[in-house]
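*Asks:* As given, the protein sequences belong to chains A and B, one line each in that order.
Per our numbering, the very first residue in the first sequence carries number 962; after that it's consecutive.
Per our numbering, the very first residue in the second sequence carries number 2; after that it's consecutive.
One or more hints might be untrue.
Said to hold, decoys possible - Across the chosen pairs, the derived CB separations fall in these ranges:
id, chain 1, residue 1, chain 2, residue 2, range
1, B, R224, A, D1176, 37 to 45 angstroms
2, A, Y1131, B, Q252, 54 to 62 angstroms
3, B, V108, A, R1100, 31 to 39 angstroms
4, A, D1224, B, R224, 54 to 62 angstroms
5, B, A303, A, Y1131, 49 to 57 angstroms
6, A, Y1131, B, V108, 34 to 42 angstroms
To be verified - 27 angstroms max Cα-Cα, derived DSSO-like pairs, lysine-lysine:
id, chain 1, residue 1, chain 2, residue 2
7, A, K1085, A, K1111
8, A, K1068, B, K198
9, B, K106, A, K1085
10, B, K198, A, K1085
11, A, K1123, A, K1164
The hints are simulated quantities; they were obtained by calculation from the structure and are not laboratory data.
Quantities reported herein were computed from a predicted structural model and do not represent experimental measurements.
From the three backbone atoms N, C-alpha and C, an ideal C-beta is built for every residue, glycine too.
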Amino acid sequence: MSTVETYTTPDGRTIGAPVMEMKNITLRFGGVVAIKDISFDIREGEIRAIIGPNGAGKSSMLNVMNGFYHPQEGEVWFRGKIRPPMRPYQIAGQGVARTFQNIALFKGMSTLDNIMCGRLTHMKTGMLSHILWKGKAEREEVEAREKVEKIIDFLEIQAIRKKPVGSLPYGLQKRVELGRALAADPELLLLDEPMAGMNVEEKEDMSRFILDVNDEFGTTIALIEHDMGVVMDIADRVVVMDYGKKIGDGTPAEVLANQDVIDAYLGVDHG
Amino acid sequence: MSAEFYFGVEVFLNGLMAGVMYSLVALGFVLIFKASGIFNYAQGVMALFAALTLVGFQNGQIPFAHLINTIFGTELSTFGWTLPAFAAILLTLGVMILFAVLVEKLVLKHLVNQEPIILFMATIGLAYFMEGFGDLMWGSDIKKLDIGIPQGGNRWIEDHTAFLGGDNFYGFYIDTLDIYAAVIAAILVSSLVLFSKYTKTGRALRAVADDHQAALSVGISLRTIWVIVWAIAGFVALVAGIMWGSKSGVQFSLSLIALKALPVLMLGGFTSIPGAIVGGLIIGVGEKMFEFLIGAPFLGGATENWFAYMLALMFLVFRPQGLFGEKIIERV
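One chain only, chain B, in its complex shape (with noise of 0.2 angstroms):
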């Protein structure tokens, strides 16, 4: 087998791995919009203010310091301390938890029975105010997450791979982050499908999504699932700001990989959990494969930036509701 073949192979397994970054974004969108109905474009920034959250809350800062700086002329920065990441990732979970209620309080409860697309502005406002919110929260500034995932090539699988090319060929190259990122997302994935399947909760959650009148006749509070969705998608967004945070700094541009799920989701479908896995991995592998097999030697290169939403264009097109959603066509 030649070395091109191999970096072949390093590509694609590459690819799976930025494919379940994708997929944990992805996730997010699905549970809300199955539960509700709702496109929450503000996932993105969901997963990027629980990332500045955890950073914050881990190296002591003092939210909201530059606005009490400027009013009361004070010069306060942090409380001097630095939390573990267990205690960090807990109380950021907690303020997850505290948005879920506040969002269903004050947006989603007058905006009982709308349309679904005054639904999805009221998730765009949302989306900009928790940016600002975010902002004024904690500062602008980029900042490294580090709750302990080692990073870098895994030495591991360089040294066990090695044997399989020539002189030339080291060994595969696969991030140890990525790795991580790819058994939590498997374990979310699986931990989320348990409990829909088997819980009283989960059975709940699903009614919801299947039909609001009857859900309310068997004594299901929409307003409470609603609650509980939003808590849970707060928690896979933590989880993605987590995942993403460490890999590439905590910095406002990682509200945009709200816009790299759009692709995965119109691929798995809105409706799946495991549609959203599937896209993902296929939207992973897909773009790093094109790029390096037609992008880079004829195209010129950075395909990568559009070759996901030429996919998702090409699916509308001969499967709208995706490879796994429910056949609601004119909702999506």
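Excised from the complex, chain A in its bound form (with noise of 0.2 angstroms):
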């Protein structure tokens, strides 16, 4: 077990245990080694980022988190118990919900229907039930579409509700993205370049709903960002990853100060 501490943010947010514990992670395609005995946590209300330049692997462990990858060596923890191998949809189950670099919707569906999907791990009721269309499979849908309806709100999408999603401009897709990854009401909530191709005005919108997430449901998140900037301001640590190794660890002052960070932020040669 890991010693179990706490920290207050500068802006006064106590951070508790870690949800999730990456342990001496070491992923290899064939002869390429996309992470190389990586180890971090990602502690219960905090935002984590995860930066590096391209082809770090940062992509790469997020997979590993919400397990689309299957790292050859090092543990999983969740929750303080180390994490058996599963399939993605049971740690969907788990209460881990992601989002995508380049957008996983269903196009075809609405907004609704695709934040309504992101409840599915919270409906239980059985196929029969729903044929029958009874008693607790109609209050469960009510239940997701009041849950969901709140998002809708939150999210400020009230106007594109029915339109195929598909058809939306890029910015509003990763907003309906960000809204069904939430549906699940994650434990951790993991975001890939939430803010990739989006212009300054949408990137601050985001960041803000990223902050409003964080503060008002009190949810773990962990995202993947280019942008620097962005990372400095929401951020309360950040894991640095370079040709699939970790170089640096800690509060973005901290991370920023890092010679091996700067270095491979400024291009130092890697001979």
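Each chain sits in its own coordinate frame; assemble them with the hints.
*Replies:* As structure tokens, this is what we get:
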């Protein structure tokens, strides 16, 4: 067991015990080492950023967290227990929700239906009761719908509730995808470049949503981001990766002062 | 109006009815293709197998009787009872669900992430396996399927349309069985559409059809969904098997109705449930009317065998995704 310690952020939030711990994770694709012996933890209530240059293995790390990839070495601990190898949908059932770098929405479905899908892990009634559409199934559907409407209000996307998401502009699609992940009431929310390809205004909106999610729902968030400015603004602690290795870990200020990090970002010869 | 005109109308109506029968088969294809991108060649054989099993249960046939007799030298053939149609249908449905589970466990599970063509080949194998298995289980003789749906020209329609024409017109001839088929198809399609639109499982089905990775990330188990989809397709195959079996007897050529579903799919699109229906109707009406207006008078008849494919070919040239299909051309 890791030592349980809490810390308080500069803005006065108390960060609790680790929700997820990555211990000596190594991930290989054939001969290519995508992640090499990386350890870090994500604590309850914090916003944890993973940054690094292109090809550093950040997305691979997220894929390990939500079970798309299974590391060859190392352990993933969730809520203080070692996590056995599980399928992604089982991990989603445990309360780990995510978004994707290249937006993986259900393009033919409406915004509402997409976000309703995010609620699936909380809907337990069987298929037969749905066919008959009675009692419990109906109540569950209504409850899910209420929750989803709250999220739609929260993300300010009421106007596009019924629109098929494939037709929406990029920034809004990103927002719908965040909504779908939120609908699961996740214990841990993984965001893969939530602001990639956005303009300044959209980035500000998205930053505000991420901070609000963390603040209002107390959701623990791990996010990958390229924009250093954004990361420094919203993250409590930052992991820096380069060429599959961890080269820095700490508060934004600590990381910024780290010589390895500066080298990685300014492009020192890696010989 | 001339008798010729009324005959034309009758041909049209019968075309619609034939179209419904095609749609029933095409529907099963669409369900599986939508959810998993697999063109399930075995759909026709599934209909045959369902019909065989239904008749077998109804007549109290002993499964694998011939095999057992050969090995043990016995002379078994039936249990000596007959089941009511309703019970036999439920039992057959159970068999089709079991079949869906087995297909997932024995075939699909091992082919995750394979090319569509590999999966297609697997369904071809499945089709031939099932044909042989059905033969082994229930025997290969032609069987009569009767679950109590009346057959033959509908008197009521004949009586109430006879006044339209002259002395030589006796009213429209429409098979009662076809009317039942149309009503059942309508109920089937609307319940499928409602199910997929308004229930959790339906939403999950659509999600899987749309994006596998995203579906996994929101906690949907692909394998469960595939079992459900194949079970529903098995159910649709059962309905198609009942209708076709009642019409033309349960025989092994029944599996060839799958080939008639192909042009329907090209017309309606591989991914659209309403498309399967409309495509079926167009093919049904088209081939009957073509035969009536052009085929029989000018081409020496028997155009029904190829007209549907010609029509489908023209659609492939001008609208490859079909009438209602999504624009995913490379996949088809």
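*Asks:* Now tell me, hint by hint, if it's right for this structure.
*Replies:* Okay, the hints, checked on the actual structure:
1. For the pair B/R224 and A/D1176, the beta carbons lie near 38 angstroms from each other, so the given range of 37 to 45 angstroms is met.
2. Range check, A/Y1131 to B/Q252: about 56 angstroms between beta-carbon atoms, so the 54 to 62 angstroms window is met.
3. For the hinted restraint 31 to 39 angstroms between B/V108 and A/R1100, the CB-CB distance of approximately 38 angstroms keeps it satisfied.
4. Distance hint check for A/D1224 and B/R224: the Cβ-Cβ separation is about 46 angstroms, which falls outside the suggested range of 54 to 62 angstroms.
5. The beta-carbon spacing between B/A303 and A/Y1131, approximately 56 angstroms, falls within the hinted interval of 49 to 57 angstroms.
6. Between A/Y1131 and B/V108 the beta carbon distance is about 39 angstroms. The supplied range of 34 to 42 angstroms therefore holds.
7. Between A/K1085 and A/K1111 the alpha-carbon distance is near 21 angstroms, which keeps this suggested pair within the 27 angstroms criterion.
8. Restraint check for A/K1068 and B/K198: satisfied, since their Cα atoms lie roughly 15 angstroms apart, inside the 27 angstroms limit.
9. The hinted pair formed by B/K106 and A/K1085 meets the criterion: a straight-line CA distance of about 24 angstroms does not exceed 27 angstroms.
10. Taking the CA atoms of B/K198 and A/K1085, the gap is near 18 angstroms; set against the 27 angstroms cutoff, the hint holds.
11. For the hint pairing A/K1123 with A/K1164, the CA-to-CA distance comes to about 24 angstroms; that is within 27 angstroms, so the pair holds.
Consistency with the previously given hints fails for number 4 only.
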